[in-house]
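Visitor: Chain residues, written in single-letter form:
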Amino acid sequence: MEDTITTQDIIKNGELVFEKTSCLTDNVLSYCPGCGHGVAHRITMEVIDEMGIQSETIGIAPVGCSVLAYDFMNIDMQGAAHGRAPAVATGIKRVYPEKYVFTYQGDGDLAAIGTAETIHACNRGENIVIIFINNGIYGMTGGQMAPTTLEGMQTSTSPFGRDVERMGHPLKMTELVATLPGTCFVTRQAVHTPSAVRKAKKAIRKAFENQKENKGLSFIEIVSNCNSGWKMTPVKSNQWMEEHMFPFYPLGDIKDV
Amino acid sequence: MAKVRGTIIVDVEKCKGCDLCVVACPTNVIRLAPDVNGKGYHYAYMENPEACTGCVNCAMVCPDSVITVYRLKPSKTEAATA
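Here the protein sequences come in this chain order: A and B.
Taking my numbering, I'd label the letters of the first sequence as residues 1 to 257.
Taking my numbering, I'd label the letters of the second sequence as residues 1 to 82.
Keep in mind the hints are simulated off the structure, nothing from the lab.
No incorrect hints appear here.
Listed next, the in silico DSS-like pairs over lysine-lysine satisfying Cα-Cα at most 25 Å (straight line):
hint : chain 1 : residue 1 : chain 2 : residue 2
1    : A       : 12        : B       : 3
2    : A       : 172       : A       : 199
3    : A       : 202       : A       : 212
4    : A       : 20        : A       : 199
5    : A       : 231       : A       : 172
6    : A       : 99        : A       : 202
7    : A       : 199       : A       : 236
8    : A       : 255       : A       : 215
9    : A       : 12        : B       : 73
10   : A       : 255       : A       : 199
11   : A       : 20        : B       : 73
12   : A       : 199       : A       : 212
13   : A       : 255       : A       : 172
14   : B       : 39        : A       : 20
15   : B       : 39        : A       : 236
16   : A       : 255       : A       : 212
17   : A       : 206       : A       : 99
18   : B       : 39        : A       : 231
Quick caveat, the model's predicted, so the values are computed rather than measured.
So here's chain B without its partners, still in its complex pose:
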């Protein structure tokens, strides 16, 4: 079954690890990394990227605008798989 796929790119060095995107994600994709960035913050990353639907909720609540979101529609998903 084809579904909408999404992915996010986190600007790791600008992320402050506030955890708001983790709470906002409806599919529990995002976690805070055990590693830290240059400023010592646990940055956000995609723990299970398959579940991401590109709903933009994380980017909506990100205070530092470090999240960029891409979305792939089902019709194109099949094209990409083929």
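For reference, chain A alone in the conformation it holds in the complex:
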């Protein structure tokens, strides 16, 4: 076909099929190039935008790489002490039961220092959404071993690989909280391919719908990369994630009541 259509024609006559949601601010994300946090932020905010609940949503930012989430999410946000986001969310949700409350936490925050808060919030069945970004490492502080670090995985504090004899086994938080009666929807997703992003977005949408219906706590794990911490390029880290993370952290719904 003879190409006579210019980019300007497509923009002028065509339809806008994708643009950044207004629920994200115009600040440049502080994350490393290729980090899954950016996509996780975006799909969360797209869900809030599509549900029209921007003014009724309160997010809890964790400590970790996403500590500055309140600079990027154009909604009401509250910071929390390290790991205590589910406890803060519990308080906010009980004071404002009509608001949508979610926490956005990394694995160091949720699975290490905040294990108690996470498990008890899940066990109480607080009507909140927990979004858990699992990259198997403490990304912000320089790639130290986290509870979720895979067996044999090299990090700056386990340079010869995680030895389960001395360092314990990796912790599957999502399977753990799925056994608790308070959770209504527990799923594990990823954001490394377009189809995975769409599935993860659907899961987040479902979690917020559950909160609307007062069904209980929805827990969404997003297996993500940490290319800086893993010392790989973004593309290679996504491949590594598929090869190594997914066999141990299989994607899919674990509990759906």
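Starting from the known structure of chain A, arrange chain B on it as the hints suggest.
Guide: What follows is chain B alone, placed relative to chain A:
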């Protein structure tokens, strides 16, 4: 033969050149530019814009939401050509 045409606009200064959109593009439209932006990143650009179908895959995986996608349906393609 009329086909769906698409195009993307990359916010060059916010692009971090992570290469994920290049891998995600099914029609090999996107490349990283030899030039760099203000922060020193090789930003994404359309190497062969004719092949773009506006499938939104690049925008889906872009961590920094720097890609805006437009799509032109075949019926309108003819109108635009005429």
